[in-house]
Structures are given as structure tokens and as C-alpha cells.
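Engineer: So you can see what is in the structure, the chains are spelled out below.
Protein chains: 2
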Amino acid sequence: METNDRDSRHKARMVRKKAVIDEKIEQANQEKGLLLILTGNGKGKSSSAFGMVARSLGHGMRVGVAQFIKGRSDTGEEAFFRQHPAVTWHVLGEGFTWNTQDRQRDTETAMRGWQIVAGMLQDPAIQLVVLDELTYTFKYGYLDEQMVLDAIAKRPPMQHVVITGRGASEALRNAADTVSELMDVKHAWRAGIKAQAGIDL
Amino acid sequence: METNDRDSRHKARMVRKKAVIDEKIEQANQEKGLLLILTGNGKGKSSSAFGMVARSLGHGMRVGVAQFIKGRSDTGEEAFFRQHPAVTWHVLGEGFTWNTQDRQRDTETAMRGWQIVAGMLQDPAIQLVVLDELTYTFKYGYLDEQMVLDAIAKRPPMQHVVITGRGASEALRNAADTVSELMDVKHAWRAGIKAQAGIDL
Numbered sequence: 001m002e003t004n005d006r007d008s009r010h011k012a013r014m015v016r017k018k019a020v021i022d023e024k025i026e027q028a029n030q031e032k033g034l035l036l037i038l039t040g041n042g043k044g045k046s047s048s049a050f051g052m053v054a055r056s057l058g059h060g061m062r063v064g065v066a067q068f069i070k071g072r073s074d075t076g077e078e079a080f081f082r083q084h085p086a087v088t089w090h091v092l093g094e095g096f097t098w099n100t101q102d103r104q105r106d107t108e109t110a111m112r113g114w115q116i117v118a119g120m121l122q123d124p125a126i127q128l129v130v131l132d133e134l135t136y137t138f139k140y141g142y143l144d145e146q147m148v149l150d151a152i153a154k155r156p157p158m159q160h161v162v163i164t165g166r167g168a169s170e171a172l173r174n175a176a177d178t179v180s181e182l183m184d185v186k187h188a189w190r191a192g193i194k195a196q197a198g199i200d201l
Numbered sequence: 001m002e003t004n005d006r007d008s009r010h011k012a013r014m015v016r017k018k019a020v021i022d023e024k025i026e027q028a029n030q031e032k033g034l035l036l037i038l039t040g041n042g043k044g045k046s047s048s049a050f051g052m053v054a055r056s057l058g059h060g061m062r063v064g065v066a067q068f069i070k071g072r073s074d075t076g077e078e079a080f081f082r083q084h085p086a087v088t089w090h091v092l093g094e095g096f097t098w099n100t101q102d103r104q105r106d107t108e109t110a111m112r113g114w115q116i117v118a119g120m121l122q123d124p125a126i127q128l129v130v131l132d133e134l135t136y137t138f139k140y141g142y143l144d145e146q147m148v149l150d151a152i153a154k155r156p157p158m159q160h161v162v163i164t165g166r167g168a169s170e171a172l173r174n175a176a177d178t179v180s181e182l183m184d185v186k187h188a189w190r191a192g193i194k195a196q197a198g199i200d201l
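If you read the protein sequences in the order shown, they are chains A and B. All residue numbers for the first sequence refer to this note's numbering, where the first residue is 1 and numbers rise by one. All residue numbers for the second sequence refer to this note's numbering, where the first residue is 1 and numbers rise by one.
Treat each hint with caution, since some may be false.
[As the list claims (entries may be wrong)] With a Cα cut of at most 30 Å, we get these calculated DSSO-like pairs of lysine-lysine:
| no. | chain 1 | residue 1 | chain 2 | residue 2 |
| --- | --- | --- | --- | --- |
| 1 | A | K139 | B | K17 |
| 2 | B | K186 | A | K154 |
| 3 | A | K32 | A | K17 |
Hint data in this document are derived by calculation from the structure and do not stem from the laboratory.
All chains, full assembly: derive it from the sequences and hints.
Structural biologist: Spelled out as C-alpha cells, the structure:
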């Protein structure tokens with residue numbers, strides 16, 4: 001009896017939910033390339049971008065990836081995706097900026113990297129461009145943010161761009177179609193657990 | 001002159017940052033399988049889990065994926081990863097719960113799926129287990145959360161588990177090593193933009 005009640009309440013609730021969602025899907029009818037920002041201090045920003053790379057490849061799309069700043073300690077995704085014929089992968093940073101400690105050299109590296117990215121942002125054959133850890137180049141003044149925003153605004157209309165990194169600016173958030181902020185609620189590293197291959201600790 | 005000042009402040013700051021990070025790496029020396037939760041209303045939770053799948057495959061690891069509840073509208077990641085010899089992929093839901101509107105049937109489906117997951121959680125050859133959208137099975141009472149937590153606690157010691165879905169409970173957060181909460185700051189869908197292949201709108 002109680003189960004039947006719960007079942008019929010569940011059904012009524014799901015009927016209402018379906019109506020709301022169907023209406024939203026109906027209203028969402030604009031197709032265009034999206035700018036998506038993954039920011040915040042939580043873990044999983046780059047992983048999320050690489051999950052979208054996998055998804056796009058599953059749809060037969062071409063993908064360009066540029067990794068800025070961070071000489072990532074875990075390069076499993078690079079090893080995995082680089083071999084795929086539809087992926088172009090560029091590592092543009094030279095290790096952690098707190099390893100190089102040389103702002104002039106880092107700026108030159110970032111500007112060389114930017115030339116490559118600017119090319120991808122003009123190529124309609126590349127349907128998804130991932131700019132991993134791009135925000136740090138603005139924070140440390142390696143790249144001019146307005147220059148980057150201008151290039152993104154002028155990209156091919158159906159090209160998607162995903163930008164990751166902490167501390168996305170107001171200007172970047174305003175330009176974006178979708179912004180997800182990852183909050184660091186609990187972090188294994190603080191409990192003394194070592195970074196391990198594969199997992200985004 | 002001003003540039004030189006900025007450069008030397010940058011260098012000093014990066015030297016301090018390197019010291020802090022090196023010390024943290026030094027202290028983090030425990031190796032074990034991690035339980036990672038990706039929750040919150042923002043976009044990118046499942047994408048983040050699938051990025052970790054790519055990373056793990058890049059390290060030659062074996063991966064098991066179970067997708068609960070959601071008959072995803074975008075199945076690009078399934079198309080992409082299913083063909084990989086080191087991936088076992090199970091779709092355990094039968095479409096959105098607001099499409100089926102039948103709690104009894106959904107509960108039976110979830111319990112059948114759970115048998116498969118329980119097997120993966122006892123197999124040390126599977127180094128990463130992704131339980132995508134698992135939290136909804138607790139919310140709607142399809143699976144008993146304590147039963148799932150017990151199985152996770154008894155898994156092989158080096159196996160990583162990633163759980164995604166909105167509304168992760170306190171019990172799940174307490175059991176986890178790392179919890180990232182994705183906040184929905186801005187969402188293209190609300191601006192009338194249609195869901196599009198590849199991108200996690």
C-alpha cells in the first residue's frame with residue numbers, strides 16, 4: 001500500500017518533470033559553436049575537457065588541443081589521444097611556471113604557442129579546440145586576454161572552444177556560453193595521498 | 001625598469017610557490033585506490049570521468065564503465081570508448097527516469113545493473129571503475145546506498161572508483177577521498193541554445 005503510494009507519487013512527479021524538460025528542449029533551438037569555461041579550484045577541469053574530446057571523436061569530429069603552462073605530471077591523456085588521427089595535440093608550456101621562474105622566457109614561449117592556437121581558431125575543419133590551462137597565461141601576463149578574446153570571437157561559427165584553468169576573469173565569463181566552476185570540497189592530496197597515474201586526484 | 005621589477009617579483013613569488021608545492025608533494029606519499037566524487041549542478045561531471053578514462057588508458061590500465069539511469073542524448077563517449085580493448089562498458093539505465101515513469105521497473109533494472117558493478121568491484125584487474133550518474137539510483141530509491149558503500153569499501157585496495165551525479169549524499173562524501181562540486185554558473189541551454197554533438201553544453 002505504501003509502496004503503491006510512493007510509486008504513484010513518483011509517476012506524477014516524473015510526468016511533471018518530463019513536461020518541463022520537453023518544453024525546454026523545444027525552446028532550445030539555436031545551433032552554434034559554443035565557448036565553454038571550466039574554472040575553479042576543484043579537480044577535474046582538464047579531465048572534463050578531455051572527456052569532451054573523446055565524445056567529439058566518437059562523433060567523427062576533428063579536435064585541436066593546446067596545453068599551456070603546465071608540464072603536467074600525468075600525461076596519460078596525451079599518450080592516449082596523440083595517436084588518434086583526428087587529433088592535433090600541442091604542448092606549449094615548458095613545465096610549471098614555478099619551475100621556470102623566468103617571466104620573460106615564459107612570455108616568449110606563450111607567444112610562440114599562441115601563433116599555433118590562432119591558426120586553429122581560423123580553421124573550420126577543427127570542430128573542437130581545447131585550450132587547457134589557458135587562464136594562467138593571463139594571470140601572469142604572458143598573453144593579452146583581449147587579443148585572445150578577439151580571436152575566439154572571430155572563429156568559424158560552428159567551432160566549439162573549451163578553456164580550462166583557475167581564476168577565469170569576468171571578461172572570459174561574459175564571452176562564454178557556459179561556465180562551470182569546480183569547487184574543491186575535499187581533496188585526497190591534503191590527506192597525504194600521493195598523485196597516482198590515471199586518476200585526477 | 002618596471003618590467004625588471006615585475007620580473008624579479010615574479011621570480012621571488014615562483015620560488016616561494018615551488019617550495020610550498022615541493023613540500024606538499026614530499027608529504028603526499030600514500031598510495032591507494034581512490035574514491036572520487038563529481039557532483040553538483042554544473043556541466044562536465046561525466047565528461048570529467050571520461051577524461052580520466054582516457055588518461056588511465058594512456059597508462060595501459062583496464063577500465064570498467066557503468067552508466068546508470070540516463071539514456072544519454074549524446075553517446076559519443078560510448079561510441080568512442082566501447083571499441084577500445086581495455087574498456088568494459090555497460091549501459092544499465094533504460095532512458096531518463098522521467099521517460100519511463102515506472103519506479104518498480106527502474107528498480108529492477110538498477111538491481112540487474114548492480115550485479116554487474118558488484119563483479120567489477122571485486123576484480124583487481126579493473127584498475128578504474130566509473131559509476132556514471134550513480135547518485136540518482138539512491139535519490140529515487142532504486143539501489144540501497146549502504147549496500148553500494150560496503151561493496152566500494154571492500155574493493156581491491158589499488159582500484160580507483162569515480163562516481164558522478166547531482167546531489168551526492170553526506171555518506172558518499174564522507175567515504176570519498178576527493179569530492180569536486182561543479183557549480184552551474186552560466187548555462188547555454190537557458191539562453192535557448194540547442195544541445196549539440198560532442199560538447200557538454
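Engineer: Looking at the structure, which of the earlier hints fail to hold?
Structural biologist: No hint contradicted; all consistent.
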